[in-house]
Amino acid sequence: MDIRDIRKVARLARLEMSEAELETMTRQLTSILNYVDQLQELDTSNVEPLAHPLPLQNVFRPDVPGESLSVEEALRNAPVRAGQFFAVPAVLDPADDLSH
Amino acid sequence: MNTPYQIIVGLEVHVQLMTKTKLFCSCKTVFGAPPNSQVCPICLGMPGVLPVMNEQAFQLGLRAALALNCQIANFTKWDRKNYYYPDLPKNYQISQYDLPFSYEGYLDIDTSSGSRRIGIIRAHLEEDAGKSMHDESGRGGDSKVDLNRTGTPLLEIVSKPDIRSAEDAETYLRELRLLLREIGVSDCEMQEGSLRCDANVNIHILYSSDNGEEIAATPLVEIKNLNSIGSVGRAIQYEAERQYEAFQKDPKNYRFGKLLKTTAGWNEARGMTQVQRHKEEAADYRYFPDPDLVPVVVTAEQIEEVKRSLGELPSQQRTRLQAAPFSLSAYDAQVLTGQGRKMVAYFEEVAKISDPKSACNWLTNEVFASLKERSEEIDQFPIRAPQLGELINEMKQLGIKREKARDVYQKMLAENVDAKTAIDQLGYKPFDDNLLLDLIRKAIEGNRKAVLDYKKGNEKALDRVFGTVMRETKGMGRPDRIKQLLLEEVAKIEA
Numbered sequence: 066m067d068i069r070d071i072r073k074v075a076r077l078a079r080l081e082m083s084e085a086e087l088e089t090m091t092r093q094l095t096s097i098l099n100y101v102d103q104l105q106e107l108d109t110s111n112v113e114p115l116a117h118p119l120p121l122q123n124v125f126r127p128d129v130p131g132e133s134l135s136v137e138e139a140l141r142n143a144p145v146r147a148g149q150f151f152a153v154p155a156v157l158d159p160a161d162d163l164s165h
Numbered sequence: 005m006n007t008p009y010q011i012i013v014g015l016e017v018h019v020q021l022m023t024k025t026k027l028f029c030s031c032k033t034v035f036g037a038p039p040n041s042q043v044c045p046i047c048l049g050m051p052g053v054l055p056v057m058n059e060q061a062f063q064l065g066l067r068a069a070l071a072l073n074c075q076i077a078n079f080t081k082w083d084r085k086n087y088y089y090p091d092l093p094k095n096y097q098i099s100q101y102d103l104p105f106s107y108e109g110y111l112d113i114d115t116s117s118g119s120r121r122i123g124i125i126r127a128h129l130e131e132d133a134g135k136s137m138h139d140e141s142g143r144g145g146d147s148k149v150d151l152n153r154t155g156t157p158l159l160e161i162v163s164k165p166d167i168r169s170a171e172d173a174e175t176y177l178r179e180l181r182l183l184l185r186e187i188g189v190s191d192c193e194m195q196e197g198s199l200r201c202d203a204n205v206n207i208h209i210l211y212s213s214d215n216g217e218e219i220a221a222t223p224l225v226e227i228k229n230l231n232s233i234g235s236v237g238r239a240i241q242y243e244a245e246r247q248y249e250a251f252q253k254d255p256k257n258y259r260f261g262k263l264l265k266t267t268a269g270w271n272e273a274r275g276m277t278q279v280q281r282h283k284e285e286a287a288d289y290r291y292f293p294d295p296d297l298v299p300v301v302v303t304a305e306q307i308e309e310v311k312r313s314l315g316e317l318p319s320q321q322r323t324r325l326q327a328a329p330f331s332l333s334a335y336d337a338q339v340l341t342g343q344g345r346k347m348v349a350y351f352e353e354v355a356k357i358s359d360p361k362s363a364c365n366w367l368t369n370e371v372f373a374s375l376k377e378r379s380e381e382i383d384q385f386p387i388r389a390p391q392l393g394e395l396i397n398e399m400k401q402l403g404i405k406r407e408k409a410r411d412v413y414q415k416m417l418a419e420n421v422d423a424k425t426a427i428d429q430l431g432y433k434p435f436d437d438n439l440l441l442d443l444i445r446k447a448i449e450g451n452r453k454a455v456l457d458y459k460k461g462n463e464k465a466l467d468r469v470f471g472t473v474m475r476e477t478k479g480m481g482r483p484d485r486i487k488q489l490l491l492e493e494v495a496k497i498e499a
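From first to last, the protein sequence lines are chains A and B. Residue numbers 66 to 165, in our numbering, belong to the letters of the first sequence in order. Residue numbers 5 to 499, in our numbering, belong to the letters of the second sequence in order.
Read the hints as simulated data drawn from the structure, not as lab findings. Note that this is a predicted model, so its numbers are computed, not measured. Treat the hints with care, as some may be off.
What the hints assert, rightly or not - Derived DSS-like pairs: lysine-lysine, alpha-carbon spacing no greater than 30 Å straight-line: (1) B:487 with B:459; (2) B:405 with B:487; (3) B:446 with B:464; (4) B:415 with B:459; (5) A:73 with B:81; (6) A:73 with B:262; (7) B:164 with B:256; (8) A:73 with B:283; (9) B:361 with B:415; (10) B:361 with B:376; (11) B:424 with B:459; (12) B:135 with A:73; (13) B:32 with B:346; (14) A:73 with B:228; (15) B:346 with B:311; (16) B:478 with B:424; (17) B:487 with B:400; (18) B:433 with B:446; (19) A:73 with B:265; (20) A:73 with B:400; (21) B:346 with B:356.
To be verified - Now the stretches of chain B that chain A is said to cover, found in silico as 3 or more residues with beta-carbon under 8 Å: (22) 84 to 95; (23) 137 to 143; (24) 254 to 264; (25) 285 to 294; (26) 299 to 308; (27) 341 to 350.
The C-beta atom is built at its ideal place from N, Cα and C for all residues, glycine as well.
Okay, chain B solo, but in the shape it has when bound (with noise of 0.2 Å):
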């Protein structure tokens, strides 16, 4: 899109580990339980007590980390931040401040501008907050909290502002939300909140005063509330739109440095941020180090032991299916990849069987949607790697057409059985060259003229028989073999 401005973003993803217990207690995390009813003395906060790190946590948090490429710290520590709010018993949230576990990473995302290398500060280990539900009524009643979700384990991961278009952070997240389910780290729903972004915008201006022309910034805003990844595209772009404005109507102080950062809401029923007021001083959180918890030393053989369980990441995936001998294009190995690497397996299985190029149609143009209408994952649907591979090969044996093809795979897929039985029962028998003459021969006696008429130099009017032969084959036959047999028949006949 062309626009006066440069779209500057950067994206702070919170994602929950998927860890049966909370970061600090043995409290479950299970989404949607009874109000109150996963918390103890732990994670309500109460004096005394002495919170310990789950093991498993750190290692979903080192597999994320090292799956995006960052640097792994080989001493880490936690520390509280301060600040008081009714979801936060304890009212300090431990995290980690200036020695995160990890930091210096990457992720490649394909934009429709080629692949981008999306920079990571850091990506640490937190507890989460309770969940507050204020009163709607406007009468300011009291609001009711739920502290189940507090302290349980999140993973922070901050890129740096590299992104540089709305629909690149959309990408971006995508590419996050795959990665971090493959390797098993987190589920990323964002409706059950296992995945949160807040999305720091600001825009770069191209600005001609009388002083010339300079590149103008705009104070940051730091974008909350986003409930899908649609709405973060949605509210970076309205937000630069409206910081467009804001700095038109005052050039010379809506600027980057001169108001400090603040924060919006996004109000997805109205389409618009709601901003509020730019804060005179940064916020203190006062952090200090965690006295209950002990520091974590990573050794490098942990780190080599972890990289090596991660397999095969969607970009290096990605990479390996347009290489020989898959060679799919950019965008079919994005859209396989995207699906998980279970449905890249079984692509994998039909390919070798069959080809990769038929393999991959028949995946996004009918299995795709067979699974979505069966709400299947690939691994529970009933048309088996070989099966399918099976089809596509007697397909192109018997010179099925589509809509044919299709038939038989409607009938595999309702009554589960194997390609060949398909074909079978539904009475679509193959034309050997013998059978092809016999209606070939017959299909010339019946259009004798057509055929005199093609003789005399009327190309057109052989495609009648051809159309003939076709209809008598009820679209079995290969139309290539037909054409040539027809035109050897033909030959034969004197003019």
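The shape of chain A in the complex, shown without the other chains (with noise of 0.2 Å):
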């Protein structure tokens, strides 16, 4: 891990950070990065490789509607609102767009 990565994870992560931060950061994630590589010494070629920590599968909701919040309800967090809609302020930059 070098500077430029953890410039580039803050990034991806839309986090703010100052360079004093960034050199922090580079040596806390080498480190426990470092650690959790002691993992590779094990052999592992005759383990099937884990999705999931726990023994379970095929866990199904079946397909019967239910309640939802009112609107209300569901724009009591919202910072700011208009009518019955979350506002948010416009996305400058289309580049951004990663979404769609």
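Please assemble the complex out of the two chains, which come individually in their own frames, going by the hints.
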């Protein structure tokens, strides 16, 4: 891990960090990764990859409608609202639209 | 079309599955509900909630995947795709990354140059995001967010880049829509967003330079905001030409591999793609397995059961209609199948009573138009298959001409009566040989000169007599029979 990786990860997580913070993070994350890296010493060639820690599979819910929140309840935590909508600052750079 | 390049297209299609509730919670998925009225802590992404998979959504996904000839993974899991956007309240979308539940399928389409097989890379389940409405005033006002759609179950179907023209892309989408509707997976209404399509487009150009000839490929552009099947075709056509021009301007650098994939929005009003700058690095979604959802294991028995329940798929239907006893043309088979299974069943019933060609003609010439006019589906249509079959048979037997038959049909439709009653009430009576002979003899009497002219060798002269008889039958006599009887009668006359 070097500071460029940290900068990239911070940007992806939308975290604003000072140069000093980035340096601290680089040091700390490197140390955490090194610690976890010890696991690489184990021979896992005969171990099935684990997709989930619980020995559970095929947990389903029937397709039956239930109660939703009221609009008022749904919007209660909204910092800003516009009528029945959540209001959010416009996304300025369309290139940041990674989504659709 | 003759172009100096080859279009290469892969389509990513999202369809909304026909469930009553969302993928991970029991909120409804009704289209057009008041904003933010179909949300709960789970789809709002509140901390501490637990999503649980909708069994019906998984079943519908399985149906679609099997109808698309996909392999089904016996083990599948869900992953978080992380990105920030105001209509994604959790800041991640639950999707499938490295272990999609289905992969490696295909869809056969009928193109103008014959049947083509379009490969399917994968089909996986994921949840939809909400809807943002941006301030159109240009003053940078707030965007409004409606989260009703968040968590709606989607099936993403990714084709291989096997599509070679705008027309084939449209055919692929129409075939996919028909298939998914027929097997009850999705209503595929593009206007309501239950079928959405992104097109990955680039072109291959035969390029000659100092280094000799080569096939040059342009960078990939993913076109979004395609709101109809027609706009998919138009956007692909436009984008291919745009890429060709961009390549001509900079053949060294406007190349696949030199520039990363970028996105473009399709502007329907202006009929053009608006391409964003090519990014310097690929999007990084930091996928990881979702710990809230447990894996799904599918057994071979389950797969067999779903396969058995699919019924006849449109491609199988087309093949069957072209074979005996129907022996329809490829075109007719395509047109009928395109109207759905109910229409095909109706056709088969009519064809069994009458004959396949007449049945098909009646459907495509009359019934389709009536249904459109009346905004009805074939199962609501008042003229049922046995009645239409009877009309066709009566028409043949009585030698009723097309226009008259249409009158009978309209009367049947308007007054809900059967073919025989309608024919009777319209006064279209059958003309047997005795009746016809009477008319023929009278006509010969009244046209002595014409008959003599005919006898002298003027073949055309008899047309006059024939026309008189036809007029007398009000178009209800069978022309071939009248001609035959007339010739027999004339032959008896001494020249």
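Which hint numbers doesn't this structure obey? 4, 11, 20, 24 and 27
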